[in-house]
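Enquirer: Got chain B; can you put chain S on it based on the hints?
2 protein chains.
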Amino acid sequence: MIERPLVGILGGMGPAATVDFYSKLIAATPASTDEEHLKVMIWADPSVPDRTKAIVRGGEDPTPKLVNGAQRLKDAGAAFYVVTCNGAHAFLPRVRQQVDLEYLSIVEVTAEHLAALPYVSSAGLLATDATLTAGLYQESLAASNLTPVLPDAAGQHAVMEAIYAVKAGSLTAEQERALVEVAESLVGQGADVIVAACTEIPLALSAEDSPRPLIDPSILLANQVVQKASAWNK
Amino acid sequence: MIERPLVGILGGMGPAATVDFYSKLIAATPASTDEEHLKVMIWADPSVPDRTKAIVRGGEDPTPKLVNGAQRLKDAGAAFYVVTCNGAHAFLPRVRQQVDLEYLSIVEVTAEHLAALPYVSSAGLLATDATLTAGLYQESLAASNLTPVLPDAAGQHAVMEAIYAVKAGSLTAEQERALVEVAESLVGQGADVIVAACTEIPLALSAEDSPRPLIDPSILLANQVVQKASAWNK
Chain B
1 MIERPLVGIL GGMGPAATVD FYSKLIAATP ASTDEEHLKV MIWADPSVPD
51 RTKAIVRGGE DPTPKLVNGA QRLKDAGAAF YVVTCNGAHA FLPRVRQQVD
101 LEYLSIVEVT AEHLAALPYV SSAGLLATDA TLTAGLYQES LAASNLTPVL
151 PDAAGQHAVM EAIYAVKAGS LTAEQERALV EVAESLVGQG ADVIVAACTE
201 IPLALSAEDS PRPLIDPSIL LANQVVQKAS AWNK
Chain S
1 MIERPLVGIL GGMGPAATVD FYSKLIAATP ASTDEEHLKV MIWADPSVPD
51 RTKAIVRGGE DPTPKLVNGA QRLKDAGAAF YVVTCNGAHA FLPRVRQQVD
101 LEYLSIVEVT AEHLAALPYV SSAGLLATDA TLTAGLYQES LAASNLTPVL
151 PDAAGQHAVM EAIYAVKAGS LTAEQERALV EVAESLVGQG ADVIVAACTE
201 IPLALSAEDS PRPLIDPSIL LANQVVQKAS AWNK
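Same order as they appear, the protein sequences are chains B and S. Numbered continuously in this note's numbering, the first sequence closes out at residue 234. Numbered continuously in this note's numbering, the second sequence closes out at residue 234.
Hints may be right or wrong, so weigh each one.
Which copy? The list can't say, so a pair holds if one copy fits it or any two copies do.
Quick list of in silico lysine-lysine cross-link-like pairs, DSSO-like style, CA-CA up to 30 Å [stated by the list, open to error]: (1) K74 - K53; (2) K39 - K74; (3) K39 - K228; (4) K39 - K53.
Read the hints as simulated data drawn from the structure, not as lab findings.
Isolated chain B (complex conformation) (with noise of 0.2 Å):
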């Protein structure tokens, strides 16, 4: 039998969010037993400072406690992580000095996915302010020439109240509808796509629910998880 990599997973950011990866990483898995399925190390410490709070607001700096975590992937023994929080990835080039162990980055594979879609020229995200303001999207859209969209100040005040609600599991139907309207807002000002650029917004806005194809990072992350995890032996 092939020994399979250990894969990490450093959640808690938020919790919800992390189980919504863990089980879309699951369903992306092609497995009819237990036994055929990924071995995975989940570290979910919550306590991550807010990044949104870190990046716009000079709030505590989430580098230390994101190095203690991957630090834990790597001492168990994990072959690679991913992160499931887009804003956290602003911190990872920085983590990355500190621990040698090699990311799949949410951004990245959604720009490269973004990239080979040929009716897609411009992206709507749907993403935190720490996400939008580290540029985090608009760099790797750039670089394959496709154009970010962003909702305007009021739109982005839904999305963070959306955002923080999923966290608190307070969303309400009325905030469910505001995101819409935004990701509307995002179509009219152009976007092909919309992108739930915040691992949350899966969890607030359904695909039937968006007015244009709903891009999941965390789906498309977890397909890549699960390629990279098949190839490890070969």
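Expert: Okay, now just chain S, sitting in the frame of chain B:
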């Protein structure tokens, strides 16, 4: 800020049941921000040998892999751990001999809960052959003067089929209906409640479809974890 204890989850048996438990743990946690959630490490090694094959048919002993998982959780600093598989509990006393780390037993938590319900004198068990053959619930229930009610051979076969289908991600409506019929047969034999005594059962039988109150040990265990973790520093 009080540092929360690290909660260990020994999962992967199966993966979907692990997601289900983590999801219930999050729901059981009184939190309105990421930071208020529990710090969790999940060790999900789905290659732990099948518990039913081991107990019923003399298959490979899962103890070494369980010991390995428990050791990983202990090494990472877990304050205590839970195992999201009922059948695996048959091996935990031996695991404890090798890894000195406290675990909360899903079986004991459930038996204590049932013993405190005034209307319950007998409990129908939907469980794997492993859990039933090891007598895990029968012993705990008997200690509280509760009568366990088990399916007949055909019913038990339907239960196992549903459980393996959940693990394979291939549960059919027919298998779900068969499970409801088994639950009804347990009620016919006098069961006051139906115990989802395998962590895959809540993914195959909903509380709404159960002919009597469905007792979900995963929820009871999640509540117990939250209680124990919040009392940790007091």
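Enquirer: For K39 vs K53, is the C-alpha pair at or below 30 Å within one copy, between two copies, both, or neither?
Expert: The answer is between: 20 Å across copies meets 30 Å, while 34 Å in one copy does not.
Enquirer: Regarding K74 and K53, is the shortest C-alpha distance of 30 Å or less found within a copy, between copies, in both, or in neither?
Expert: For K74 and K53, only the intra-copy Cα distance (27 Å) is at most 30 Å; the inter-copy one is 33 Å.
Enquirer: Could you figure out if K39 and K228 sit no more than 30 Å apart (CA to CA) within one copy, between two copies, both or neither?
Expert: Both: 13 Å inside a copy, 28 Å across copies.
Enquirer: Please work out whether the CA atoms of K39 and K74 approach to 30 Å or closer within one copy, between two copies, in both situations, or in neither?
Expert: both (14 Å within a copy, 18 Å between copies)
The structure meets every hint from the earlier list without exception.
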